[in-house]
Every structure is written in structure tokens, then in C-alpha cells.
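Make a model of the complete structure from these sequences and hints.
Protein chains: 2
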Amino acid sequence: MRITIIGSGNVATHLGAALKNAGHQIVEVYSRNMQNAALLAYHIGAEAIDNLDQVNAETDLFIISVKDDAIIPTAQTLAKYQKLTVHTAGAVGLETLLKFNPKAGVLYPLQTLSKIREVDFNTVPLCIEGAGNDITLLLEQLARTISERVYRVNSDQRRVLHLAAVFACNFPNYLYGIAQQLLEKQDMEFEMLRPLILETAQKVQDHLPQEVQTGPAARNDRITMAAHLQMLNDEPTLQELYTLLSQAIIKKDHRGKGHK
Amino acid sequence: MRITIIGSGNVATHLGAALKNAGHQIVEVYSRNMQNAALLAYHIGAEAIDNLDQVNAETDLFIISVKDDAIIPTAQTLAKYQKLTVHTAGAVGLETLLKFNPKAGVLYPLQTLSKIREVDFNTVPLCIEGAGNDITLLLEQLARTISERVYRVNSDQRRVLHLAAVFACNFPNYLYGIAQQLLEKQDMEFEMLRPLILETAQKVQDHLPQEVQTGPAARNDRITMAAHLQMLNDEPTLQELYTLLSQAIIKKDHRGKGHK
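So the sequences go chain by chain: A and B. All residue numbers for the first sequence refer to numbering that gives the first Met the number 0, where the first residue is 0 and numbers rise by one. All residue numbers for the second sequence refer to numbering that gives the first Met the number 0, where the first residue is 0 and numbers rise by one.
Among these hints, one or two may not hold up.
Copies of the same chain look alike in the list, so a pair counts if it works inside one copy or between any two.
Here are the simulated DSS-like cross-link-like pairs (lysine-lysine), alpha carbons at most 25 Å apart as the crow flies [said to hold, decoys possible]:
1. 251 <-> 184
2. 250 <-> 184
3. 251 <-> 66
4. 98 <-> 66
5. 102 <-> 82
6. 19 <-> 66
7. 114 <-> 19
8. 66 <-> 114
9. 184 <-> 102
10. 102 <-> 251
11. 251 <-> 19
12. 102 <-> 19
13. 98 <-> 79
14. 98 <-> 251
15. 251 <-> 114
16. 82 <-> 98
17. 79 <-> 251
18. 66 <-> 250
These aren't lab readings, by the way, just hints derived from the structure by calculation. Quick caveat, the model's predicted, so the values are computed rather than measured.
Here it is, written out as C-alpha cells:
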């Protein structure tokens, strides 16, 4: 397929590289910033542009991979070509593109992508949605050329996935940071916690989280929880967080036991 | 070394197996429950007992790996032998053992251990503390026979590690469970989120959490956060959690930017 990438951020970069490696022709890379456009374009053998009005219309697919609030103006500008156009955003519905072009779809990679980190794109879950069966099938075929994990997901489901990803990725990462700071204050290295963090994530690769929940709250160990809260005395936000999360775990655990 | 394991839980099981594999002689395994004692003893070539008063005193080391509130009575019972005695608990100080026996220490594995899961013990951080230099050196040597990662950690530091582990392991696992339930309600499989969870943990193996923080709160994306809170309308606890965690991330991010 001939593909045009609109954007040069994390998703555009990883998606562009994966599509190039799968043998697709990347026609152009657009970015407001010419340097960013050129860098990505160079890596994936494409032309670089920084003026969307001059985009090459000789393409089969526009992939809009820009900030959420830039999707509408971008789709508006590209509307005149009426080519198949997809966005890559979790929190934006398909209807946003449909206002401008009936040939619309979504290609949402459910992974945390950073330019500084290589990722095996083949394992990245790709959530696709198409306006109509033909587009869905085409996007499914395309997605399968770059990933083993392709899911058909509608806009409501995708919004839930995006919210769930905050709980599964953004919030845990923040909690890792709290743990790091607690160690730092006692002159200990974050390195000590890395095996624990990795094993916690590996455990749920073949179990459900509830099955492997451990810790003071899971065993309703009031003495340890009181001691922990005491240690957080000069950190009211962390105390609040500790209490809220522990109470939720206790409640859930008891509910779970009641059901068995 | 001749070693006696008091307890048959997750830590006793993994520690006992690692010590056996490293060539130490496990003399006895004690558990209140004879079946549990026998099972672990069988695996590591030891005798099983369920009466602590009949413990074989021909040993070099007692490892007390029981519930926190059972450590004191156990140490009391073993006091008459005045053999080197360690416990394996994060939240219990060395002084708890010292009341009964000056030859005391701690061997705390900083990992989430389950009987149902194999773990490469060589990568498990082992935090040691001894009453005096000789005991510390001896425990360090012993720990090095089963793990590459041995740390000298005093009782105050160990309590902080134990608290940090709640933030780095127990709470993230609970958040994985929330994410799973959000997906379930929309007929999606937890499988979709597993690569994201693993990558999030892998990212901090060579970066600090702050360096790789992503998500709506990290970029102060008020529109997405408002939409997420709206989606959690019938889950007040999750709303509270979402708000508290997001506000903490926003505050931290801004503080970080101010410092740069």
C-alpha cells in the first residue's frame, strides 16, 4: 500500500517504521516541524513536507497521528482528496473523521511507545475500526502485516481501552515513582525494586490480577497498614492514596471471598 | 551450612529450594501443618516436623519464615538453643529477635513469591542485616550463594523497602485488576492489556519512572481527563482514585518542569 503519515510523534514513528518494514511504500511524512518530518521520512524512505496543503494526493491511505485536538483541522484539510483516512487515537471516535470523509477508520496501537525505546511491533495490540465492512477488512489486512494481535474494536470500546490503559500503565508508572522516592530518602537505589516491578507485571501475563494480589491490604493486616500510614506522616497525599487503595483492595477481597 | 526452615509458606518454599540447590543441607522443615511441612521437606531433602519443641538442635541456622505475628513466639521457643537465627520479614525489626538471642539477623527477599510460580532466585534482591559484623559477613556470604543481588539494609531501611514494595507491586496489581474489569464490562479480554502492562514495567528497567511518565495527566490534557471521569460516573471510588492519582501526576510534572 502507498501510505502517507501525518505526524512525527511516538505513534507516527513506530507505526511508520513497522509499515515500512512490512514492505509498504511510505509516500510522505508531514509534520509542522520540518526537522521532525525530515528525520522520520529519512528513516522510512519517504518525502518530508511541513505544509499540509501541498500533500501528495497519490496515496492510498492517510494516517493521521497527531495530538487529539489537531485531528479535526487535519481531517478537514485532507477532505478534498476523499482518500481512505484513519486516525490513531484512543479517545477520539470514528465519527470525528466521518464528518469530513466517508472513507474513514481507526488504527489504535494499545501500547506505550517512546522514540527512545525499541519495541517489537509484532506484539503490539492493534485496535481497528472501519466505516463499513470493506474498510474494516482492508484495515484488518493492513494491521496483520505489522502485528500478530489485531482486534476489531468500536469507538465506545476504544474509549474504554484508553481509560483502562491509564489504570494499567500511567498510574502504575506513577506509583513506581513514589516507591523510588521513598527509597531515595533512605539512601537506597531504585535498582533494588526493579526485579519486583518486572515480576509483578510478568505474573499477570498468565494469571488474572485478583488471583495474584498480595500485600498487607489483601490479607487485611491492620498492624502493618497502620505502621505504613505512620511512616507516611509527612506525606498527606501518599497517606490518602495508601488508604484509598488499601480500602479498595480490602473491599474487593472480601467481596471476592463472599462469592466463592 | 546446616539450615533449619521454620515455616512452609511462599518465602520458606522458594528460599528453601534455593538454599538446597546451592548445596546447603536443609536439616528440617517445621510447619504447624504436617502436610505442608512434609511437602516442602520432601522437595528439599529434609525431615518434616510439626512440633517446634522437638526441633533438631544440630543445625547452624534457623530461618524463621512465618507470619509476622508468629515471629515472637517462634523466636521465644528457639531461644534455648542460642543458634544463629534470622527472620525473613520486611516490616519486622532485628530487635524483635535480639530480645531472645544475640545471634540474630534478617534475610529479606524483596520479591513477590508465589508457590504457583517459578522464580529465578539468582535475580531476587536479598536484603541482609546481622547483629554485629561477624553475623553480617556470614549472612552476606550465605546470601551470595543463592543470589547475585545482596544488599546490606538496616531495619529502618527495610521497613521503607517493605512500604515501597506496596506502591511498586501490590497497588499496581490492584490497578491492573481495575483495568481488567473496565474491559470486561465492554466484552473485551484482559489479554489485550497484557503487552502494555509488561512494557510499562520493562520501561523502568533502564529508565526512572519520571522519565517515562505518559498519559493525560502527564500532559495535563483536561479534556481527556474530564471524559474519563465522565465514563466512571457509576464508580465513585474509581473516580476518586482517578482524580487523586491524576492530580498527583500533574503536580509532580509541573514541579519537575519548574526545577529544570
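The hints, checked one at a time:
no.	hint	verdict
1	251 <-> 184	between (32 Å within a copy, 17 Å between copies)
2	250 <-> 184	between (32 Å within a copy, 19 Å between copies)
3	251 <-> 66	between (37 Å within a copy, 22 Å between copies)
4	98 <-> 66	within (18 Å within a copy, 62 Å between copies)
5	102 <-> 82	within (7 Å within a copy, 78 Å between copies)
6	19 <-> 66	within (22 Å within a copy, 56 Å between copies)
7	114 <-> 19	within (16 Å within a copy, 45 Å between copies)
8	66 <-> 114	within (16 Å within a copy, 46 Å between copies)
9	184 <-> 102	neither (56 Å within a copy, 30 Å between copies)
10	102 <-> 251	neither (45 Å within a copy, 42 Å between copies)
11	251 <-> 19	neither (46 Å within a copy, 38 Å between copies)
12	102 <-> 19	within (23 Å within a copy, 65 Å between copies)
13	98 <-> 79	within (12 Å within a copy, 82 Å between copies)
14	98 <-> 251	neither (43 Å within a copy, 38 Å between copies)
15	251 <-> 114	between (38 Å within a copy, 23 Å between copies)
16	82 <-> 98	within (14 Å within a copy, 79 Å between copies)
17	79 <-> 251	neither (53 Å within a copy, 44 Å between copies)
18	66 <-> 250	between (38 Å within a copy, 22 Å between copies)
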